[in-house]
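Residue numbers (the UniProt record's numbering), protein chains in the order written: chain C, 1 to 408; chain R, 1 to 408.
A portion of the hints provided could be inaccurate.
[Unchecked claim] DSS-like, lysine-lysine: derived pairs with alpha carbons at most 30 Å apart:
no., chain 1, residue 1, chain 2, residue 2
1, R, K11, R, K114
2, C, K11, R, K11
3, C, K13, R, K114
Bear in mind the hints are in silico, worked out from the structure with no lab data behind them.
2 protein chains.
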Amino acid sequence: MNVRFAGRMDKVKPSAIRELLRLGADPRIISFGGGYPDASLFPFEQLEEVFQTAISANGRDSLQYTVSNGLPRLRQQIAQRMERDGIACSQDNILILQGGQQGLDLVAKMLIDKGDVIATENPTFLGALIAFNPCEPRYAAVRMDDDGMDMDDLELVLARNPGAKLIYTVPDFQNPTGVTMALERRKRLIELANRFDLIVLEDSPYREIRYQGTPVPPIKSLDTEGRVIFLGSFSKILAPGLRLGWAIASEELTQQLGLLKLAADTQCSTLNMSAVSLYLDTYDIDVHIASICQTYRRKKDLMLETIRGSFPQEVSFTEPSGGLFTWLSFPRNFDTARFMAEHALPEAKVAYVPGATFFPLEQEVNHARFSYSTQTDETIVQGITSLGRLLTSSLRTAERRFEDRTST
Amino acid sequence: MNVRFAGRMDKVKPSAIRELLRLGADPRIISFGGGYPDASLFPFEQLEEVFQTAISANGRDSLQYTVSNGLPRLRQQIAQRMERDGIACSQDNILILQGGQQGLDLVAKMLIDKGDVIATENPTFLGALIAFNPCEPRYAAVRMDDDGMDMDDLELVLARNPGAKLIYTVPDFQNPTGVTMALERRKRLIELANRFDLIVLEDSPYREIRYQGTPVPPIKSLDTEGRVIFLGSFSKILAPGLRLGWAIASEELTQQLGLLKLAADTQCSTLNMSAVSLYLDTYDIDVHIASICQTYRRKKDLMLETIRGSFPQEVSFTEPSGGLFTWLSFPRNFDTARFMAEHALPEAKVAYVPGATFFPLEQEVNHARFSYSTQTDETIVQGITSLGRLLTSSLRTAERRFEDRTST
Numbered sequence: 001m002n003v004r005f006a007g008r009m010d011k012v013k014p015s016a017i018r019e020l021l022r023l024g025a026d027p028r029i030i031s032f033g034g035g036y037p038d039a040s041l042f043p044f045e046q047l048e049e050v051f052q053t054a055i056s057a058n059g060r061d062s063l064q065y066t067v068s069n070g071l072p073r074l075r076q077q078i079a080q081r082m083e084r085d086g087i088a089c090s091q092d093n094i095l096i097l098q099g100g101q102q103g104l105d106l107v108a109k110m111l112i113d114k115g116d117v118i119a120t121e122n123p124t125f126l127g128a129l130i131a132f133n134p135c136e137p138r139y140a141a142v143r144m145d146d147d148g149m150d151m152d153d154l155e156l157v158l159a160r161n162p163g164a165k166l167i168y169t170v171p172d173f174q175n176p177t178g179v180t181m182a183l184e185r186r187k188r189l190i191e192l193a194n195r196f197d198l199i200v201l202e203d204s205p206y207r208e209i210r211y212q213g214t215p216v217p218p219i220k221s222l223d224t225e226g227r228v229i230f231l232g233s234f235s236k237i238l239a240p241g242l243r244l245g246w247a248i249a250s251e252e253l254t255q256q257l258g259l260l261k262l263a264a265d266t267q268c269s270t271l272n273m274s275a276v277s278l279y280l281d282t283y284d285i286d287v288h289i290a291s292i293c294q295t296y297r298r299k300k301d302l303m304l305e306t307i308r309g310s311f312p313q314e315v316s317f318t319e320p321s322g323g324l325f326t327w328l329s330f331p332r333n334f335d336t337a338r339f340m341a342e343h344a345l346p347e348a349k350v351a352y353v354p355g356a357t358f359f360p361l362e363q364e365v366n367h368a369r370f371s372y373s374t375q376t377d378e379t380i381v382q383g384i385t386s387l388g389r390l391l392t393s394s395l396r397t398a399e400r401r402f403e404d405r406t407s408t
Numbered sequence: 001m002n003v004r005f006a007g008r009m010d011k012v013k014p015s016a017i018r019e020l021l022r023l024g025a026d027p028r029i030i031s032f033g034g035g036y037p038d039a040s041l042f043p044f045e046q047l048e049e050v051f052q053t054a055i056s057a058n059g060r061d062s063l064q065y066t067v068s069n070g071l072p073r074l075r076q077q078i079a080q081r082m083e084r085d086g087i088a089c090s091q092d093n094i095l096i097l098q099g100g101q102q103g104l105d106l107v108a109k110m111l112i113d114k115g116d117v118i119a120t121e122n123p124t125f126l127g128a129l130i131a132f133n134p135c136e137p138r139y140a141a142v143r144m145d146d147d148g149m150d151m152d153d154l155e156l157v158l159a160r161n162p163g164a165k166l167i168y169t170v171p172d173f174q175n176p177t178g179v180t181m182a183l184e185r186r187k188r189l190i191e192l193a194n195r196f197d198l199i200v201l202e203d204s205p206y207r208e209i210r211y212q213g214t215p216v217p218p219i220k221s222l223d224t225e226g227r228v229i230f231l232g233s234f235s236k237i238l239a240p241g242l243r244l245g246w247a248i249a250s251e252e253l254t255q256q257l258g259l260l261k262l263a264a265d266t267q268c269s270t271l272n273m274s275a276v277s278l279y280l281d282t283y284d285i286d287v288h289i290a291s292i293c294q295t296y297r298r299k300k301d302l303m304l305e306t307i308r309g310s311f312p313q314e315v316s317f318t319e320p321s322g323g324l325f326t327w328l329s330f331p332r333n334f335d336t337a338r339f340m341a342e343h344a345l346p347e348a349k350v351a352y353v354p355g356a357t358f359f360p361l362e363q364e365v366n367h368a369r370f371s372y373s374t375q376t377d378e379t380i381v382q383g384i385t386s387l388g389r390l391l392t393s394s395l396r397t398a399e400r401r402f403e404d405r406t407s408t
């Protein structure tokens with residue numbers, strides 16, 4: 001049969017990163033690819049206990065349907081935590097999500113008609129492009145540097161796209177660059193959003209994984225007109241297999257997003273919400289977060305130190321203060337995808353994510369995202385060192401070829 | 001601020017049933033409204049055990065991300081179960097869903113452009129209309145009787161709507177009517193789908209809750225061209241709070257639905273998938289299903305018997321062989337919503353779902369959906385008896401008024 005797909009399916013294609021995650025699953029490969037948290041850090045015993053209690057003490061409720069916006073007690077607990085982070089909110093501003101990813105889908109559905117413009121960082125989170133694409137937006141890519149999105153460039157982009165509806169940003173330890181948006185820029189972002197009458201989608205799943213420096217206030221905490229939607233997640237601070245995240249928005253927007261949530265999948269798992277709520281009541285999640293941050297900091301330091309010691313000087317990289325990623329930039333014509341397929345994978349048995357797919361418009365081939373979260377100290381050193389050796393010889397050969405060409 | 005919503009939000013509105021479920025939550029009300037399973041039937045100890053094992057024996061995997069189509073082992077187990085029900089399939093035809101509801105959302109996204117026609121039973125499942133609406137379809141309503149969708153009427157409807165893309169049906173113990181589609185009609189449905197080149201969405205969350213009579217083969221088992229998508233669910237046979245369902249489709253369609261699933265929420269809860277997979281490996285779910293079917297049959301018999309004994313003769317009702325619902329029809333001008341607000345709730349403290357919202361086009365006011373699943377034997381008798389008393393006096397008054405009018 002010849003299926004007559006909806007028009008939006010032209011924008012729904014398998015992603016390179018997904019294929020790559022499959023390669024990374026080969027146990028002989030040292031993968032710096034997936035943005036997974038370190039599974040050895042999950043609080044196993046505590047989770048076992050709270051799931052047991054949720055079923056044995058309250059199973060009739062925790063295995064049954066509940067309200068589609070999410071368990072009221074959990075929404076209350078999240079609101080209290082977010083208040084401590086500077087965001088004034090109550091449970092009526094919270095929608096529990098099937099991971100932060102669902103927030104991207106619901107916000108796009110709520111706002112984006114075909115052809116509407118979304119302004120994103122350049123590069124930006126690939127999963128957001130995947131979530132937005134079925135709504136068939138146009139993208140406007142905004143320059144960024146070590147302080148995050150460039151506000152002069154954003155202003156230009158917004159002036160050039162008067163119909164733009166949404167600014168999408170990952171302001172804390174961005175995926176893929178690891179960069180954090182400076183406070184002054186956050187303030188200016190709010191001014192621009194107010195002036196151009198836009199919604200800001202602040203996607204911050206790594207926010208609490210800060211292992212050095214001082215937290216920068218959430219953009220949502222600076223929101224003066226209810227136009228920022230904040231997305232948070234339990235995936236990195238607890239465990240992604242629970243599939244729980246949340247949105248914080250004005251009551252009007254929370255209600256609309258809640259209707260879309262109901263339409264999409266009725267509600268999140270009552271059991272998982274009950275268990276996480278019990279976890280938050282029984283244990284101090286901040287103690288847990290502090291301990292996982294120590295590990296991530298050690299791994300980050302180790303990876304950057306090993307890169308410094310073994311990679312050619314032409315390769316630059318970002319220095320994140322939190323999150324799971326560093327972003328490497330190579331000489332202009334160096335194709336990281338080709339290098340991975342031809343050299344890194346077969347010769348060094350190392351995988352990473354080539355950077356091209358993170359660019360919404362013009363793909364730059366000379367970057368790569370490296371995650372230091374899932375490998376051990378030993379495999380970080382081993383993988384980065386082998387890769388450094390390969391890169392050194394490969395970039396020297398390229399240089400020599402260039403010299404040969406210019407001298408003839 | 002003035003939010004510029006996407007056009008599709010005009011179709012996304014709060015539903016009457018949702019408001020009603022709130023009323024039904026009042027413990028003083030005997031609610032026959034919600035389509036919830038009986039929470040006392042959940043297999044608490046077994047679920048407690050499998051969750052414990054999933055975390056303690058395999059927590060690094062079961063709390064981590066997994067492939068977005070769902071845990072391979074669980075897909076295999078579902079494929080084996082569905083094969084026994086006559087559907088030839090392998091794990092490559094299975095997509096794990098956040099409850100059956102998510103299948104409705106994903107299938108609509110895959111197929112429906114604004115204005116495309118979906119043919120549905122009349123009445124049909126309200127949750128499906130809610131899921132389809134963001135894609136802005138037009139509906140074509142197909143007559144039904146005690147043998148399900150009327151195939152002569154479907155043929156007429158399809159001939160009148162040459163662009164139609166999808167036939168949506170709940171063939172087993174339909175929500176809201178409790179009616180099951182006869183085998184001959186299922187065969188003719190396939191013929192019509194082949195002739196008019198359409199996709200059939202067979203939504204069958206109640207299929208395994210059959211407590212009398214012989215199962216009718218799934219429409220998917222009669223599919224000759226890979227054009228049927230079957231939706232199943234663990235919500236009624238295990239527990240809805242787990243939020244797990246599945247789609248069965250051709251490999252091509254499974255792949256497309258999988259891409260939409262990835263975009264929408266990455267994946268279902270790895271933990272819940274692992275625990276249910278362990279449950280299926282450790283226990284005989286068919287023994288469990290047989291035991292819950294006994295309870296539902298007893299409750300159904302009790303409700304229908306009490307209706308027969310206490311409701312006025314003008315009220316007719318369907319006699320389901322499974323599932324959770326019976327569908328009541330009242331004299332033409334009797335408004336069940338108004339009666340509920342003015343009499344049933346305040347005077348009898350009884351709730352049900354007025355039928356109007358289940359009609360995609362022309363709403364008929366004189367029906368109601370009654371669920372016998374969540375009330376006890378005692379409250380079924382008590383609620384139906386009080387309601388019967390109210391109805392008897394109310395319909396007599398209406399009759400007298402009518403006689404008064406016609407005699408003057």
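To see whether the hints hold, each was checked on the structure:
1. K11/R with K114/R: holds (11 Å)
2. K11/C with K11/R: holds (23 Å)
3. K13/C with K114/R: holds (21 Å)
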